[in-house]
Structures are given as C-alpha cells and as structure tokens.
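*Asks:* I would like the entire structure built from these sequences, with the hints used as guidance.
Chains as they are written, first to last, in the working numbering: chain A, 3 to 174; chain B, 134 to 616.
In case anyone wonders, no lab produced these hints; they're calculated from the structure. Since we're looking at a predicted model, the values are computed, not measured. A virtual CB, placed ideally from N, CA and C, is assigned to each residue, including glycine. Among the hints, erroneous ones may be present.
Computed Cβ-Cβ distance ranges for the label pairs, DEER-style [to be verified]:
no. : chain 1 : residue 1 : chain 2 : residue 2 : range
1   : A       : Gln128    : B       : Lys496    : 57 to 63 Å
2   : B       : Leu509    : A       : Gly31     : 35 to 41 Å
3   : B       : Gly552    : A       : Glu164    : 21 to 27 Å
4   : A       : Ile12     : B       : Tyr463    : 25 to 31 Å
5   : A       : Gly21     : B       : Gly490    : 32 to 38 Å
6   : A       : Val105    : B       : Val511    : 44 to 50 Å
7   : B       : Val511    : A       : Thr39     : 22 to 28 Å
8   : B       : Thr440    : A       : Asp11     : 49 to 55 Å
9   : B       : Lys512    : A       : Gly31     : 35 to 41 Å
10  : A       : Ile68     : B       : Leu476    : 47 to 53 Å
11  : B       : Val511    : A       : Val29     : 57 to 63 Å
No farther apart than 25 Å at their CA atoms in a straight line, the calculated lysine to any residue pairs in the SDA-like style are these [unchecked claim]:
no. : chain 1 : residue 1 : chain 2 : residue 2
12  : A       : Lys117    : B       : Asp526
13  : B       : Lys466    : A       : Lys154
14  : A       : Lys59     : A       : Arg49
15  : A       : Lys152    : B       : Thr586
16  : A       : Lys152    : B       : Lys466
17  : A       : Lys159    : B       : Ile517
18  : B       : Lys532    : A       : Leu65
19  : A       : Lys42     : B       : Ser492
20  : A       : Lys51     : B       : Gln566
21  : B       : Lys595    : A       : Thr168
22  : A       : Lys59     : B       : Ile517
23  : B       : Lys605    : A       : Asn142
24  : A       : Lys36     : A       : Ile26
25  : A       : Lys154    : B       : Gln566
26  : A       : Lys122    : B       : Ser483
27  : A       : Lys40     : B       : Lys605
28  : A       : Lys110    : B       : Asp526
29  : B       : Lys605    : A       : Lys42
Which bits of chain B does chain A cover? Going by a derived footprint, with three or more residues having C-beta under 8 Å, they are [as the list claims (entries may be wrong)]:
no. : region
30  : 483 to 490
31  : 512 to 526
32  : 537 to 547
Next come the chains, spelled out residue by residue.
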Amino acid sequence: MIEKLSKKDIRALKFGVIGAAAIILFVFGSAGHKRWTKAKANGAVLRTKLDAIDVDKARQAGLMSIVPVFEMPQVEEEQKFLFRDKLSEQLKRAGIRNKPLQVQPGRKSPQSGYKFLLVKCNATCQFMQVLDFLARLNENPYLVGIEELKIKCDPKKQGEVELDFTVSTFAL
Amino acid sequence: MRMWQSAVAIVNDDNEFKGVELRKQDGSFEILWTRSSEDADADWRGFAAECDLSVEPTALEEADSDRMVVAGFNTAGTIFHRTTVPAVGDKEIESIIQLQAETRLPLPPEQIELAWRADQLRDGQMGVTIAVARKEQLQKFVGNVRCFKPIKILLNCEGIVKIWEVFFSGNKEKAVVLSTGSRNTHVCLVEEGRLSNAVVLDIGIEDFSTNVMDEQTETTERFAQDMRSVLDLFGCSNQEELPVFVLSDGSSSFVSIVSSLRLAGLNARVAAPNLKGLMAKNELSDEDIYQYRTPIGLALMALDEGTNELNIFERLYNPVQKVVKRHWLYSPKVTVAIASIMLALLAIVSYAVDITGPSSIEKRLEASVSDVDMNLLVKRQQLIKTVTRERPDLLDLLKVVNESGERGISLTSLSFKKGQPVSISGEVSSNDQLSRYEKNLQNAKGIEKVNCTANTNAKSRKITFTMTFDYKNFGRKTTKSKR
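*Replies:* The structure is reproduced here in structure tokens:
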C-alpha cells in the first residue's frame with residue numbers, strides 16, 4: 003500500500019506523525035514538567051531544612067559553648083515566669099540580693115514570630131559575686147542575651163559594687 | 134591507499150573507440166575483455182555504456198567498485214617540449230616552466246594548460262618534459278568523458294611507451310618508439326623508461342599499404358624525411374645509433390616501414406608483442422594486442438602505483454573519489470542519535486532523582502522524627518543561631534579590661550549597652566600609664582575605636598579618665614549580622 007503513495011503523500015504523513023508525537027509529548031510533558039517543578043521545590047525546602055539542622059561538629063561545638071542549654075519559648079506569661087524564676091535562682095545562687103526584677107517589653111525582636119521581653123535587675127553585691135553570676139548566666143535556658151550591664155564601684159566600700167543589668171528572652 | 138583489482142581504459146584511437154579491462158594478479162596481467170566501436174556516430178558516453186560503465190550522473194557504482202576507469206587523451210593536439218633547469222625546488226621549477234611556456238608558445242597563458250615532469254639530476258641540471266595543450270580542447274575532452282567518471286585522464290603516448298616497456302620487450306635505454314595507426318604515427322622519445330617527447334605524424338599503415346609503387350616510394354621518402362625532422366626536433370644528434378622501435382603486429386607492413394627507415398640510415402627495428410606475463414579470457418593474437426596497445430598501455434599505467442604521469446588535466450578535472458566508508462560511529466546521524474539518547478536519559482534520571490529524592494528523604498525523616506519534630510528542630514536551630522548572635526560574653530570583656538591595665542589603675546565603673554560603645558571610667562597615677570592602658574585596649578582582640586578623655590584632680594594629682602570603645606559587634610546599632 004505504501005508503494006502507491008506519492009512522495010508528497012509520504013512527506014505529509016511524516017509531518018503528521020511528527021505533529022502527533024509533538025502533541026503527545028506536549029500533553030504528557032507539561033504534566034510531567036509540573037510534577038517535576040513541584041518535586042524540585044519540595045526538594046529545595048527539604049534541603050533548606052536539612053541544612054538548618056545538619057550543622058558540622060565544629061560549628062555545633064561553637065554554638066554549644068555560647069548557648070549550652072536552650073528551651074523553646076513559651077507563651078508570654080509562662081515565659082516571663084520561667085525566665086524570672088530561673089534568673090532569681092541564679093542570682094540567689096551567686097549570693098546576690100537583688101531588688102525585685104522588672105519585666106518590660108523590649109525593642110524589636112531579632113527573630114520574627116517571637117516577642118522580645120526584657121528583665122531589669124538592680125543589686126548591690128560583691129564584685130566576685132558578679133563574676134560568679136555572669137559565669138553561670140549561660141546556664142539559663144530561657145536567656146537570649148544581656149542587653150545592658152552597669153557595674154559601679156564605690157572606692158570607699160572595698161569590693162562592693164552596684165550592679166544594674168537587663169537581660170532578654172523570647173516569648174510566643 | 135586503495136588497492137584496485139582491475140583497470141578499464143577507454144581511448145579514441147584512429148577514429149575508433151577502444152576499451153579494455155586489465156587485471157593484475159600475482160605479478161601477471163589478465164585482459165578480462167576488449168571492446169571496440171567502429172560506429173562513426175559513437176561517442177564517449179555511448180561507448181562507455183557499451184563497456185558496462187555507469188554513465189548516469191547520480192550513479193556511484195563505479196566509484197564503489199574495485200575497478201578503476203581511465204580515459205586516454207589523444208596527444209595529436211599536444212606539444213611536448215624538453216628543457217633543462219638547474220637543481221631547484223618544485224616551486225622554482227614551476228615558475229621557470231611557466232615563464233618558458235609564456236615566452237615560447239604563441240598562446241596567452243590563460244588559454245593553455247601545461248604539465249611537467251622532471252628527470253633525475255645530472256651534472257647539476259635537470260631535464261624537464263613539458264606537455265602543453267589548448268585549455269579549450271582539454272575542457273571539451275573533459276566534457277566528453279566526465280559522464281563515466283574516469284579516475285584519471287592519461288596521455289595516449291604515455292600508454293604507448295608503457296606497453297612497449299611491458300609487452301614489446303622495451304628497455305630503459307634512450308630510444309624512439311613508433312606506434313603506427315591506420316592514418317597516423319605516434320613518435321615517442323623514451324628516456325630512462327619515460328616519455329620525454331612525442332610527435333604525431335599524419336602517415337599511417339594505410340599510406341604504406343597502397344599498391345601503387347610510386348605512391349609507396351613517395352610515402353616512404355616522406356616518412357623518412359619526417360622522421361629525420363622529428364629526431365632533429367627531439368635533439369638527437371646520433372640519429373644513426375639511436376634505436377627506433379616500430380611496434381608491430383607481425384604483419385609485413387611494419388617490416389616495410391622498418392626497411393624504409395633503415396634505408397634512411399636509422400637504426401630501426403621491429404618490436405613484436407611478447408606476451409609473457411599476459412593472460413586473457415579469450416585467446417588473443419599479436420594483432421589483437423597491437424590493436425589495443427594504447428588502452429592496454431594506459432591500463433598498465435593505471436595499475437602501476439609508481440607511475441608519475443604527465444597530468445595535463447590536473448586543474449580541469451577532479452575525478453569522483455570513492456567515499457571512504459567510515460566506521461558507523463563517525464556518522465553524524467549516529468552521533469546525534471547517541472547524543473539525543475544521552476540527553477533523554479539525563480532528563481529521565483534527573484526527573485527520577487527529583488521525584489524520588491525528596492520523598493525518600495521524607496520517608497527516612499518520618500522514620501526517625503515526625504514532621505512536627507522536624508519543624509521544631511529547624512526552629513530551635515534557627516533560634517539558637519539567633520541567640521548566639523545576641524549573647525555577649527561579658528566575662529571575656531571584664532577579663533580584657535582587667536588584663537589591659539597595670540597596677541595602679543583603679544576602675545570605678547563599667548557600662549555596657551547593646552548598640553552603644555562600652556564605657557569604663559577610673560583613675561590612674563600618670564598620663565603614661567593611661568596611654569599604655571589605652572594602647573593595650575586598642576590592641577586587644579574584639580576591641581575597636583578606643584576613645585579616652587582624662588582630667589587631672591588638682592588636689593590628689595590623680596588623673597580620672599573615661600574610655601569608650603566598641604566591643605565586638607555589640608556596639609553597633611543592630612546585632613543581627615553574623616559575627
């Protein structure tokens with residue numbers, strides 16, 4: 003039968019077959035392309051997550067030296083309580099008799115999605131107690147950072163200092 | 134280099150198309166067929182078709198077969214010239230010959246084609262054979278023979294010399310070879326086994342075969358006279374000694390030609406075919422060999438790979454070369470197909486990896502931690518990183534401040550606040566001490582931009598000072614950037 007076809011007919015048939023193949027390829031290809039794009043996006047998200055979790059040992063050790071313990075932030079009231087409680091405990095442990103701790107809202111949070119709370123503290127104590135307190139402050143799992151610290155010595159009172167500091171925490 | 138099994142040679146000799154196919158086998162030759170056409174209307178195309186050669190423009194059978202086809206060009210319109218040149222390179226010889234051709238020939242250079250062949254160097258000089266013909270004539274000939282795509286176009290007189298050497302007991306001495314046709318005679322000067330000059334005389338066997346005695350005598354005399362002129366033209370001084378070989382089919386006509394030349398004082402002799410080393414499918418007589426001497430000679434030349442022929446058609450005819458069959462791997466189509474398959478495979482593998490990769494990671498994570506745990510882990514890690522940036526090491530700061538000072542310095546206050554420089558104040562006993570302290574702080578790691586203001590207490594002579602400096606990046610307004 004194919005012998006009866008002229009060259010023109012054969013050429014037309016070839017174009018037809020190529021066109022049909024192109025249509026099939028387009029239909030299935032576009033669906034496949036969408037699936038592929040979605041899979042690539044999912045993969046990228048997963049990789050970002052994995053990158054966030056999977057930190058190399060040296061870097062992890064560095065992080066651990068600065069933040070040895072950490073608790074995820076709780077709702078504001080609970081976080082206030084937990085943070086203040088832990089801070090009072092640390093002050094007490096250092097032997098610092100402080101005035102009542104004042105909690106106040108802080109500046110703009112450095113981490114989106116979390117509130118930034120500040121706790122102010124005034125105390126009169128020995129300089130060595132200050133050092134002891136600062137050395138153990140990192141053990142507070144709710145602490146974000148020390149925002150302010152003022153140490154004032156009275157030369158007349160040997161070793162006694164006035165301590166003012168503000169520390170911060172995150173809350174939901 | 135390609136090894137040809139056989140050669141087909143076609144010539145138009147004595148107004149008659151002749152063709153042979155010669156095969157070389159184990160050092161001997163075999164004539165596979167001979168064909169001739171006395172048809173006055175015959176042309177090259179028709180005769181080539183008769184010889185079973187492909188004459189269709191698109192056909193490539195001949196190029197693909199193991200036999201080569203050569204065409205013979207009648208040298209009646211070709212001028213041969215001998216000259217000597219100093220021992221120089223081919224390019225210089227070419228220039229010298231072009232110059233000589235332009236000065237000696239009556240035609241402008243663009244109307245002629247020439248070919249040259251140098252002999253061996255002798256006494257610092259090199260003999261050169263030059264063949265010159267009108268370009269128009271050659272172009273016309275090429276137009277005639279192009280239809281059967283000969284691989285070479287050879288000069289008939291070179292074929293005559295070749296067959297004389299191979300099948301007429303020729304030698305390498307300087308000699309003159311006469312190939313007498315029915316109406317003309319090729320006179321070829323042979324030196325070192327190669328044609329060095331040639332002339333075509335318009336006297337042939339038919340002129341010698343007349344029964345009229347007077348006419349024969351006149352022909353003989355004219356022939357002898359012409360031969361002497363030709364030998365003079367060839368520059369042969371010792372004409373009596375120079376051997377003149379008259380190719381012969383053994384008939385009496387050739388004996389009379391030789392006799393007439395001998396009478397004229399020339400050293401003429403008959404050269405009869407010596408068929409040792411020549412076979413044929415059908416029995417061939419001396420007459421047959423003589424009749425097909427030119428195409429056989431050309432076929433011999435074609436089969437002889439060492440032949441350095443005078444190729445006067447070099448610039449006018451490029452024969453169809455056989456397309457060398459390359460390995461299929463070199464085919465562009467195959468290469469494109471392989472490249473396409475590789476691309477398709479690459480796309481499929483990338484697709485499969487992208488589709489299955491995330492899902493397999495998710496599965497593994499699900500097996501170890503839940504999705505909630507995963508998000509929590511990510512958040513925790515991000516928070517820890519943020520806290521790291523927010524947490525100054527104030528113990529380290531106190532240590533640096535303390536270690537930078539020397540005995541005699543007493544500090545009264547220290548103030549640290551994020552986004553502001555650290556401020557310290559105290560007392561020193563001398564300006565030198567203060568400047569050393571300032572310098573030490575400036576050199577301490579993590580401390581920058583140290584500023585100092587000092588006042589001297591008139592009563593106690595103590596110097597009170599206040600210093601400010603940036604501690605790491607906590608002095609800057611924002612602490613979001615990474616350390």
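*Asks:* Look at each hint and say if it fits the structure.
*Replies:* To see whether the hints hold, each was checked on the structure:
| no. | hint | result |
| --- | --- | --- |
| 1 | A:Gln128 to B:Lys496: 57 to 63 Å | 58 Å, holds |
| 2 | B:Leu509 to A:Gly31: 35 to 41 Å | 39 Å, holds |
| 3 | B:Gly552 to A:Glu164: 21 to 27 Å | 22 Å, holds |
| 4 | A:Ile12 to B:Tyr463: 25 to 31 Å | 29 Å, holds |
| 5 | A:Gly21 to B:Gly490: 32 to 38 Å | 35 Å, holds |
| 6 | A:Val105 to B:Val511: 44 to 50 Å | 29 Å, violated |
| 7 | B:Val511 to A:Thr39: 22 to 28 Å | 23 Å, holds |
| 8 | B:Thr440 to A:Asp11: 49 to 55 Å | 53 Å, holds |
| 9 | B:Lys512 to A:Gly31: 35 to 41 Å | 39 Å, holds |
| 10 | A:Ile68 to B:Leu476: 47 to 53 Å | 50 Å, holds |
| 11 | B:Val511 to A:Val29: 57 to 63 Å | 39 Å, violated |
| 12 | A:Lys117 to B:Asp526 | 23 Å, holds |
| 13 | B:Lys466 to A:Lys154 | 87 Å, violated |
| 14 | A:Lys59 to A:Arg49 | 18 Å, holds |
| 15 | A:Lys152 to B:Thr586 | 19 Å, holds |
| 16 | A:Lys152 to B:Lys466 | 82 Å, violated |
| 17 | A:Lys159 to B:Ile517 | 40 Å, violated |
| 18 | B:Lys532 to A:Leu65 | 21 Å, holds |
| 19 | A:Lys42 to B:Ser492 | 11 Å, holds |
| 20 | A:Lys51 to B:Gln566 | 54 Å, violated |
| 21 | B:Lys595 to A:Thr168 | 33 Å, violated |
| 22 | A:Lys59 to B:Ile517 | 15 Å, holds |
| 23 | B:Lys605 to A:Asn142 | 23 Å, holds |
| 24 | A:Lys36 to A:Ile26 | 16 Å, holds |
| 25 | A:Lys154 to B:Gln566 | 22 Å, holds |
| 26 | A:Lys122 to B:Ser483 | 57 Å, violated |
| 27 | A:Lys40 to B:Lys605 | 44 Å, violated |
| 28 | A:Lys110 to B:Asp526 | 22 Å, holds |
| 29 | B:Lys605 to A:Lys42 | 40 Å, violated |
| 30 | 483 to 490 | holds (count 4) |
| 31 | 512 to 526 | holds (count 15) |
| 32 | 537 to 547 | holds (count 5) |
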